[in-house]
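Undergrad: Each chain is listed here by its residues.
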Amino acid sequence: MSKLHENTVNDMPGDDEVASRARAIFRTACEQADSYHTLRLGLARRKAVNAGSAHRALKVWAPLAGAAACCALVVGVVWLQHPADRLQPSSPIAAATPASSNPGGLNQGDADEAIPDVASNQMEVVQDLDFYRWLAAQPAMASAAPVGSRR
Amino acid sequence: MHETTDAEPIPASGAAMNAAVALETASAPLTESARPVAATIEAFLASVERRAWRVAEIALRDSDEALDAVQDTMLRLVRHYSAKPAEEWSPLFWGILRRRITDLQRRRTVRNRILVWTGRATNDDDEELPAWEAPDLGPDPSRALASRQAHAAMSKAIRALPHRQQQAFMLRMLEGLDVADTAKAMGCSAGSVKTHLSRAMDALRTRLEEWR
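Order-wise, the sequence lines are chains A and B. For the first sequence, our numbering begins at 130 and goes up steadily by one. For the second sequence, our numbering begins at 617 and goes up steadily by one.
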């Protein structure tokens, strides 16, 4: 390996004539870049910097948005897994059955036992809503029937 | 896609090119270590964008693809490495650009194979010059022409090198990175950089005789 060669590799590249002339040509070419490409390079730089700002904002907000989405998902799953809890206050039966139509004195424990069965066949309950309304009105008629039978 | 004029094998006039580069050669080379460290990522990109574009243009032989490569590199650097210390931006930037250039070259190779297979391949070197060229507003058109011819000759000589030798020469000699940063950008050891550079210089010393 010649001395010139060693200088090229180990020392500053300016020691070598070929390297220095290549650098000079390269630098001249960079300085003489046409306005079109210079403008596009500037636009690319600004776009990159703006995208970087947006990316940093996204990095801040993305975990928070992800946590909120997870919470919403958990709440939704819990809501769906306990339909009896949400049926209890607004059940079609509960809404359709008047308080006075419970003369038999059905206590709260009986109602809790009855509602899951209703909820499991919710569609049938809704379809037979008229029947259940009629059924709920039956105790009053049944109480009136013995009076009529005595006559 | 159009080719740059640098892809054309323009016979260069030695006297004109000597005049073109005489002043540049006389000035001190601005190596990476001599450059001030940029305070912001935007300042760093502004300082490096033209050189990056020229390096990509030499490697890709297409100014528009070179612009795309530089823009992608800027985006990736800003998104993923802007929080790094400013001293690390340079090797990171050149490493990203090197990988982007390699990706584009591989994609072009695959595309050319498909075009050859379908019988629609064209030889890039034989393509016509672009219909539009930027107006030359410089004070000395002959000197600018000589500079372009010298750059074309140098680009052609660099492109004739093997891929890794090209990278080593452009990063170490043209961009002025030191051996450690060049090795970081190339993803290899310092010894490999020296080997690639040594072989590149051997090849260029004979190929660049015409403009020495």
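Worth double-checking, as some hints may not be accurate.
[As the list claims (entries may be wrong)] Computed list of lysine to aspartate or glutamate pairs in DMTMM-like fashion (alpha-carbon distance at most 25 Å, straight line):
id : chain 1 : residue 1 : chain 2 : residue 2
1  : B       : Lys772    : A       : Glu146
2  : A       : Lys176    : B       : Glu703
3  : A       : Lys188    : B       : Asp794
4  : B       : Lys772    : A       : Glu160
What the hints contain is simulated information worked out from the structure, not anything from laboratory work.
Undergrad: Each of the hints needs a verdict: does it hold here or not?
TA: Evaluation of the provided hints:
For the suggested pair Lys772 of chain B and Glu146 of chain A, the alpha carbons sit about 18 Å apart, so the restraint of at most 25 Å is met. Under the criterion of a C-alpha separation no larger than 25 Å, the hint pairing Lys176 of chain A with Glu703 of chain B is consistent with the structure, at around 23 Å. Between Lys188 of chain A and Asp794 of chain B, the direct Cα distance comes to roughly 34 Å. Violation of the 25 Å bound is thereby established for this hinted pair. Of the pairs offered as hints, the one joining Lys772 of chain B and Glu160 of chain A holds, with about 20 Å between alpha carbons and a cut-off of 25 Å not exceeded.
Going down the numbered hints, you'll see the structure goes against just number 3.
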